[in-house]
Amino acid sequence: MRNTTTIALKEFKSYLASPMAYIVAGIFLFATGFFFGNPFLSPSTYFETSIKGFLEIGSILLLLLTAVLTMRLLAEERKMGTMELLLTAPVRDSEIILGKFLGSLGTLIAMLALTFYYPLLLIIFGDPDMGPIGTGYLGLFLLSSVCLAVGIFASSLTSNQIVSAVVAGGILFALWFIGDAAGLLPEALGEVVGYLSLSYYFPDFIRGVIDTRSIVYYLSITVLFIFLAIRSLENSRWS
Amino acid sequence: MIQVRNLTKYYGNRLAVDNISFTVEKGEIVGFLGPNAAGKTTTMRILTGFLAPTSGDISVANYDIASHSLEARQRTGYLPEAVPLYGDMTVRSYFDFLARLRGLDKNRIKTRIEDVTEICHLEEYIDVLIGKLSKGFRQRVGVAQAIIHEPEVLILDDPTIGIDPIQVAMTRQLIKELGKERTILLSTHILPEVSMTCERVIIIHEGKIVAEDRIENLSSMISGSKRIRLEVEGPAQEVAKRLRRIKGVNQVSRQDSHYIIECAAGQDPRSKIIETIVQGGWTLLSLEHIEMSLEDIFLKLTAEEETAK
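Top line first, the protein sequences correspond to chains A and B. Residue 202 in numbering that gives the first Met the number 0 sits at position 203 of the first sequence; the count goes up by one each step and never skips. Residue 160 in numbering that gives the first Met the number 0 sits at position 161 of the second sequence; the count goes up by one each step and never skips.
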């Protein structure tokens, strides 16, 4: 546990020291801020006091931005040779991966925390339903952990950061849009494929519904990819 | 302290280390000598746990590296060939991170950072970003991280590569100093380095150990046969013919405008060579003794091994 925290803290600090995290956060805030505020600028007299616009674009953006955020985590260590430090330190492979995961999750939580002013504005200028806002953030958090786990797995496969980002983005987009493809398949099969899609569960969070299935699904995918990343790291010793 | 029995490593189908065995006793400094791609780095990576062996039993600091990997790693300091540094960290935070990973407690971390900073003369650079340090200082930071947790075993992969001569001398001094209380295995492809720092040498070539001996024996073996390079103005055929007749000369070959003379063991025919040239009425332009290069030693050792078969 101590080793995991040491690595997590180191990763968190190096995110704060690198321009990449600020660029990612900047893009995220700009795009989500636009989609959050846009409905209020329309000439309509009726406004929905929700953060739906932010959640819808935010979830898609996360798929892309996490791929960029995680690409350096292991690929850079491999490229710079510092992987030799980590793998020869008295630290378990699982502690390395978990530390990296928690460090990047901390960074992403900090980024999500910067959006708290959207609901704050709604509270000041209106009377929003807090339920969907809470579940919306829960959904974003769970989706973030899936994305980061996939990103770390992709980063463990290569020493090239670009390859890592493309692989992570590819896996995440496939998991997200596989639900749309489900409609083209025969009914029974389509239903199963639909259940496997990341996007199948997200609307529930936006609506304010907490379904145990969606939480279990997101957590399982996170655990699966963290497990795969650990195996991939172990495997590199046998090359 | 380090025990290697029948270590073999394949990368896919390529054999990198071929069934080698050796031991390094406590407090010994042993040089691991070999040309590039001989299997030095692979062996060191296996000893430190970075790579898993294909087969073989290895123990480091009296812990089996297969079953007690974490304990063995805890007691090993390792400087890889490419010094592993985080450019975006200061020297201090880098030391702190690694000391923590290796299980030192808070107070100990503080005193050890001070210690290694002093040992490696990094006082002025302790709060500088590693990315901004010159190559020589990076190397020192690399050595410092390897000893920060006071390991019993030190494994140094080519510690003097790519740094200037003054720093090379300093690093060698440091290694000798450290070797008083620690077990050190260091690899190099520079011959004089071994004789300066090590007590014993293991020579590895194409994944096999071709020789393993104390340094005194090795250097007498090297100096057993001398070679001399000559530059002479005169008829080439005639000069070579006359040189061959000199007692103590085994062989004469031509290399561009030079003659290379192989002397018999323990013989020094230089004065006779000069005499012969003067008698022939030719001009001696230069005469020099050639140090046997590492390649020559390998050729010699591998040739000896083959004739022994």
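Among the hints, erroneous ones may be present.
What the hints assert, rightly or not - With a straight-line Cα cutoff of 20 Å, these simulated SDA-like cross-link-like pairs (lysine to any residue) come out:
| no. | chain 1 | residue 1 | chain 2 | residue 2 |
| --- | --- | --- | --- | --- |
| 1 | A | Lys12 | B | Ser92 |
| 2 | B | Lys271 | B | Asn249 |
| 3 | B | Lys179 | B | Asp163 |
| 4 | A | Lys12 | A | Leu111 |
| 5 | B | Lys109 | A | Val215 |
| 6 | B | Lys105 | A | Leu111 |
These are calculated hints, taken from the structure and not from any lab test.
Going through the hints against the structure:
no. : hint                  : in the structure
1   : A/Lys12 <-> B/Ser92   : holds, 11 Å
2   : B/Lys271 <-> B/Asn249 : holds, 14 Å
3   : B/Lys179 <-> B/Asp163 : violated, 25 Å
4   : A/Lys12 <-> A/Leu111  : holds, 17 Å
5   : B/Lys109 <-> A/Val215 : violated, 44 Å
6   : B/Lys105 <-> A/Leu111 : violated, 33 Å
Consistency note: the structure conflicts with the earlier hints numbered 3, 5 and 6.
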